[in-house]
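Trainee: Each chain, letter by letter, is given below.
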Amino acid sequence: NAGVTQTPKFQVLKTGQSMTLQCAQDMNHNSMYWYRQDPGMGLRLIYYSASEGTTDKGEVPNGYNVSRLNKREFSLRLESAAPSQTSVYFCASSESQSYYGYTFGSGTRLTVV
Amino acid sequence: GDSVTQMEGPVTLSEEAFLTINCTYTATGYPSLFWYVQYPGEGLQLLLKATKADDKGSNKGFEATYRKETTSFHLEKGSVQVSDSAVYFCALNQAGTALIFGKGTTLSVSS
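Protein chains in written order, with the numbering used here: chain H, 1 to 113; chain L, 1 to 111.
One should not assume that every hint holds.
Over the 10 Å line for every Cβ pair with chain H, so calculated as not near, a few chain L residues [unchecked claim]:
#1 7
#2 42
#3 45
#4 49
#5 54
#6 63
#7 68
#8 69
#9 71
#10 74
#11 76
#12 85
#13 101
#14 108
#15 110
#16 111
Using C-beta positions, here's what the derived DEER-type ranges look like [stated by the list, open to error]:
#17 8(L) / 111(H): 23 to 29 Å
#18 26(L) / 61(H): 29 to 35 Å
#19 39(L) / 5(H): 35 to 41 Å
#20 14(L) / 63(H): 42 to 48 Å
What the hints contain is simulated information worked out from the structure, not anything from laboratory work.
Every residue gets a Cβ at the ideal spot worked out from N, C-alpha and C, and that includes glycine.
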């Protein structure tokens with residue numbers, strides 16, 4: 001099925017460990033995004049990529065890095081995980097940043113202990 | 001900066017009741033407005049959208065009208081079902097920016 005695929009679905013990390021969350025879309029979308037969802041906070045933008053070769057910080061970028069590997073793939077890296085990064089992470093894509101709405105992946109539930 | 005404010009939940013209704021979830025926004029310019037729905041354990045799905053003032057978005061019996069004069073985009077449904085139980089997010093975006101979400105409203109419908 002066409003859409004946004006995120007891996008892994010669940011992950012438990014120890015404080016200080018690193019990991020990369022993977023995201024791939026097969027809709028030929030130009031723009032891709034990483035959000036985190038926390039109880040009572042809604043979704044907050046971590047980083048986004050308006051087009052292949054560009055990335056920009058969102059509302060809560062500290063502690064994260066991203067790579068737009070090609071048009072299809074956009075990864076999120078935690079270099080040294082902290083308990084405050086326990087969250088559900090969603091990747092999304094859209095044709096452009098304007099007006100079209102986004103297609104979301106099913107999320108990665110990350111726990112940092 | 002731009003922002004979205006939703007009524008706090010949870011909203012608890014009986015089947016066939018009328019639903020309203022309030023959403024207001026603050027934005028410069030002329031944003032597009034969206035409602036997304038998240039079912040338990042899933043990602044967000046676009047429910048409906050409106051791109052200019054007075055537009056009405058509709059889908060699956062849900063409706064919302066873009067009211068520029070009141071900066072609102074309230075979600076309504078005439079008769080809710082148990083299957084509508086989910087978290088609903090109001091969101092906006094403007095040209096060249098990413099979606100900004102409200103905090104979400106949990107709807108629980110009982111039979």
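Trainee: So, for every hint listed, does it hold in this structure?
Mentor: Checked hints:
1. 7: holds (13 Å)
2. 42: violated (6 Å)
3. 45: About 7 Å separates residue 45(L) from the closest Cβ of chain H, which leaves it inside 10 Å; violated.
4. 49: violated (6 Å)
5. 54: holds (16 Å)
6. 63: The claim stands: residue 63(L) keeps its Cβ more than 10 Å from every Cβ of chain H (closest is about 17 Å).
7. 68: holds (16 Å)
8. 69: holds (21 Å)
9. 71: holds (18 Å)
10. 74: At about 17 Å from chain H, residue 74(L) clears the 10 Å cut-off, so the statement holds.
11. 76: Label holds. Min Cβ-Cβ 19 Å, cutoff 10 Å.
12. 85: holds (17 Å)
13. 101: violated (4 Å)
14. 108: The claim holds: residue 108(L) sits with its nearest Cβ about 16 Å from chain H, beyond 10 Å.
15. 110: Holds, because the least Cβ-Cβ distance between residue 110(L) and chain H comes to about 22 Å, which exceeds 10 Å.
16. 111: holds (27 Å)
17. 8(L) / 111(H): 23 to 29 Å: This hint holds: roughly 26 Å between Cβ atoms.
18. 26(L) / 61(H): 29 to 35 Å: violated (23 Å)
19. 39(L) / 5(H): 35 to 41 Å: This hint is violated: roughly 18 Å between Cβ atoms.
20. 14(L) / 63(H): 42 to 48 Å: holds (44 Å)
The structure is inconsistent with the numbered hints 2, 3, 4, 13, 18, 19, although it conforms to all the rest.
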